Amino acid sequence: MTQEELNERAKKAVLTYNINESKKVAQDALDQNADIVDLIQNGFTVGINQVGDLYEQKKLFLPHIMAAANAMNAGVDILTPHLGAQAKTADNLGKFVICTIEGDIHSIGKDIAAIMLKVAGFDVINLGRDIPLKDIAKAVADNNAIAVGTSALMTSTMVNQKAFEEIMKKQGLKGKCLTNVGGAPVTQQWADEIGADVYSENAQDCAAKMVKAVKG
Numbered sequence: 001m002t003q004e005e006l007n008e009r010a011k012k013a014v015l016t017y018n019i020n021e022s023k024k025v026a027q028d029a030l031d032q033n034a035d036i037v038d039l040i041q042n043g044f045t046v047g048i049n050q051v052g053d054l055y056e057q058k059k060l061f062l063p064h065i066m067a068a069a070n071a072m073n074a075g076v077d078i079l080t081p082h083l084g085a086q087a088k089t090a091d092n093l094g095k096f097v098i099c100t101i102e103g104d105i106h107s108i109g110k111d112i113a114a115i116m117l118k119v120a121g122f123d124v125i126n127l128g129r130d131i132p133l134k135d136i137a138k139a140v141a142d143n144n145a146i147a148v149g150t151s152a153l154m155t156s157t158m159v160n161q162k163a164f165e166e167i168m169k170k171q172g173l174k175g176k177c178l179t180n181v182g183g184a185p186v187t188q189q190w191a192d193e194i195g196a197d198v199y200s201e202n203a204q205d206c207a208a209k210m211v212k213a214v215k216g
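Counting from 1, position 77 in the sequence shown corresponds to residue 77 in full-length UniProt numbering; the numbering is continuous, with no gaps.
FYI, nobody ran anything at the bench for these hints, they're computed from the structure. Quantities reported herein were computed from a predicted structural model and do not represent experimental measurements. Do not take every clue at face value.
[What the hints assert, rightly or not] Restraint ranges, calculated between C-beta atoms of paired labels, are given here:
hint, residue 1, residue 2, range
1, L54, E201, 12 to 22 Å
2, A141, Q27, 21 to 31 Å
3, G94, D205, 16 to 26 Å
4, E4, F61, 22 to 32 Å
Quick reminder that beta carbons are idealized off the backbone N, C-alpha and C, glycines included.
Work out the full structure: start from the sequences and follow the hints.
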């Protein structure tokens with residue numbers, strides 16, 4: 001089976017909320033030594049992004065998003081241990097704390113970004129979603145993180161990214177740790193306005209920009 005056929009199966013599994021098929025395509029990819037990063041980026045991620053687009057168009061609803069996410073995660077969970085082995089061959093770029101900002105319960109895009117960062121060579125600490133700002137800062141300090149990424153999927157929670165920048169300054173972490181912001185309503189203009197170091201448009205963009213930022 002070609003890489004393209006595997007990718008199409010993964011995408012379709014997400015679009016049809018098919019957990020069993022998602023697991024099967026992941027295992028098939030491993031069995032035939034396929035490119036599992038490609039499978040995640042151009043299979044599972046494409047599927048979940050299409051579901052997100054349909055949700056934005058009000059053609060799907062929150063239960064559909066959750067069902068699609070469950071299907072995607074079922075496949076990605078099988079692949080993740082093998083991504084870890086792959087990541088060990090990459091540069092060890094340091095610890096990267098990532099989470100969805102306080103007040104926001106979305107996690108799909110953030111979780112995909114965490115995977116891509118791990119593949120790129122970062123030691124990723126995924127705190128989860130709706131994380132209080134003080135807890136994010138504590139994780140940065142406790143882990144001596146080289147970077148921290150916050151995702152906001154609603155305009156109402158974007159303001160917490162600005163508040164987090166202030167906390168980082170007050171605690172003397174700004175300058176020691178790069179700040180990355182992302183999420184559907186977030187823009188480069190917003191990142192500039194609040195003083196974030198890096199703006200990420202999507203998961204792949206996040207990994208590419210953070211590697212460049214860290215390596216200089």
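Verification of the supplied hints:
As the Cβ distance of L54 to E201 is approximately 20 Å, the hint placing it in 12 to 22 Å holds. With their beta carbons about 40 Å apart, A141 and Q27 fall outside the hinted range of 21 to 31 Å. G94 and D205 have their C-beta atoms about 19 Å apart, which keeps the hinted 16 to 26 Å range intact. Remark: the range hint 22 to 32 Å for E4 to F61 is upheld by a beta-carbon distance near 31 Å.
Hint 2 alone, counting from the list given before, is not met by this structure.
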